[in-house]
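The lines below spell out each chain.
2 protein chains.
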Amino acid sequence: MKNYISILKKSKLFAGVGDDEISSMLSCLGARLFTYKKGEYVFRQGEHINDIAVTLEGRLHVQKDDYWGNRSILAEITVGELFGEAYVSPEGSTLINDVVAIEDSAVIFFDVRRVITTCPSACRFHSIVVQNMFFAISEKNRKLVQKIVHISKRTTREKLISYLSEEAKSQNSASFTIPFNRQQLADFLSVDRSAMSNELCKMRDDGLIEFKKNSFKLLQ
Amino acid sequence: MKNYISILKKSKLFAGVGDDEISSMLSCLGARLFTYKKGEYVFRQGEHINDIAVTLEGRLHVQKDDYWGNRSILAEITVGELFGEAYVSPEGSTLINDVVAIEDSAVIFFDVRRVITTCPSACRFHSIVVQNMFFAISEKNRKLVQKIVHISKRTTREKLISYLSEEAKSQNSASFTIPFNRQQLADFLSVDRSAMSNELCKMRDDGLIEFKKNSFKLLQ
DNA sequence: CACTTTCTGTTGTAAAAACAACCGATTTGT
DNA sequence: ACAAATCGGTTGTTTTTACAACAGAAAGTG
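Those sequence lines, one after another, are chains W and E.
Each residue of the first sequence is one higher than the one before, starting from 6 at the first, in this note's numbering.
Each residue of the second sequence is one higher than the one before, starting from 6 at the first, in this note's numbering.
Bear in mind the hints are in silico, worked out from the structure with no lab data behind them.
Everything numeric in this text was worked out from a predicted model, so none of it was measured.
Watch out, some of these pointers could steer you wrong.
What the hints assert, rightly or not - Here are the simulated lysine to aspartate or glutamate pairs, EDC-like style, with alpha carbons at most 20 angstroms apart:
(1) W:K69 to E:E171
(2) E:K217 to E:E171
(3) W:K158 to E:D197
(4) E:K69 to W:E163
(5) E:K148 to E:D103
(6) E:K148 to W:E96
(7) E:K174 to W:E52
(8) W:K17 to E:E96
(9) E:K14 to E:D24
(10) E:K15 to E:E26
(11) W:K14 to E:E96
(12) W:K148 to E:D70
(13) E:K148 to W:E81
Assemble the whole structure, with the sequences as input and the hints as a guide.
Rendered as structure tokens:
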């Protein structure tokens, strides 16, 4: 556990909290650590959860497979990111998607009730954690809206332009890499892979973009 | 202002807080009331906001129009619902969509900084409000994911089935009404109105559904 | 290194959607 | 009540997508 404190310190949940405080909060928040091999499920659709989680190692995908096997990737979760917080509710709603490790990963879980109910006597940093959690879910909300903006576009080309433009913007450069391979990008944008691959090549032929593997460059 | 307390009491933000406490918190939270005529903008894309808001009367749409005039409706906000909370962030992000009154509406604004920083001396109900806000944004998050599930479907028919099934489920009946007219439903599902209208009629002819205006019934 | 698996691009076909244009019904405003 | 505006359905055409099948490139494995 010890060696993960530095990662937690940089995580969104514990931003602004010192090493010692984090250590002392871990038991207070009911922290438990688990590891997952690539391909293993962290959460499954329909489960009822009482935990929020932070990725300490690896990478996860929030995804949903429908009855016919079409996969939709809702979000990617990297090291230090929070997840599960959207299922905190008084009614106790169940998960509507899976969370899967796409690399070997380590995840730490916290009892959500202990997180949101700030014990009056307890650690003075607790309220910072609550605020952090709030910022995190707020940010996730914006990301979901941004994703909706992409997939709301009518054609594959428009979806790609919308997504790639945003990546360029957030990485502050016309040259950037994306965290998806082709199949994953297609699943993220909700289009057919081969059709998307085809469209990417047409866009390259039209002089709009250059790419090689997951490195892209927007032209003009 | 007085007559709105009963509405606020039923709102998600003040759930579990008594009338008197709400009254006394209003000034503490920097409450301000505004009214909007149908069609007027409450928030505009690009604005920087420091408030969260609760609808007291009427109905709003969170929507986005792209460069070519295609409108995407991201969410509908009814009386008692909270909005703006997704733009609470340490970095102070700007709005990426518009919020428009689709009926004559009344909205109350609260200074978000005063909401999330619980003054040590202050009202004991403040922490309830913070938790409520958390639940509210958490629920909104789930709604966004649900919307993504709908529009990730490949065909218009699948999108319609996905959406209508969920409405039936959440209204606990195979017969239900939806809060959209045809154009709005098309904008919500990111499809062309006429194509959608066409598909709805085909589904009716196939014996899947019945409908009249915004009343629907799922068959079988 | 050979072998397997995964990834990416390519092509053709069938299905579906977008788009445009139109009309009748309904609703709204005065 | 009447004119104007909005709404919902219909049709035909064009564009786009999904789907399937395949092949070369790249990456992983023993």
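Hints versus structure:
no., hint, verdict
1, W:K69 to E:E171, "holds, 16 angstroms"
2, E:K217 to E:E171, "holds, 18 angstroms"
3, W:K158 to E:D197, "holds, 11 angstroms"
4, E:K69 to W:E163, "holds, 15 angstroms"
5, E:K148 to E:D103, "holds, 18 angstroms"
6, E:K148 to W:E96, "holds, 15 angstroms"
7, E:K174 to W:E52, "holds, 18 angstroms"
8, W:K17 to E:E96, "holds, 13 angstroms"
9, E:K14 to E:D24, "holds, 7 angstroms"
10, E:K15 to E:E26, "holds, 14 angstroms"
11, W:K14 to E:E96, "holds, 19 angstroms"
12, W:K148 to E:D70, "holds, 18 angstroms"
13, E:K148 to W:E81, "holds, 18 angstroms"
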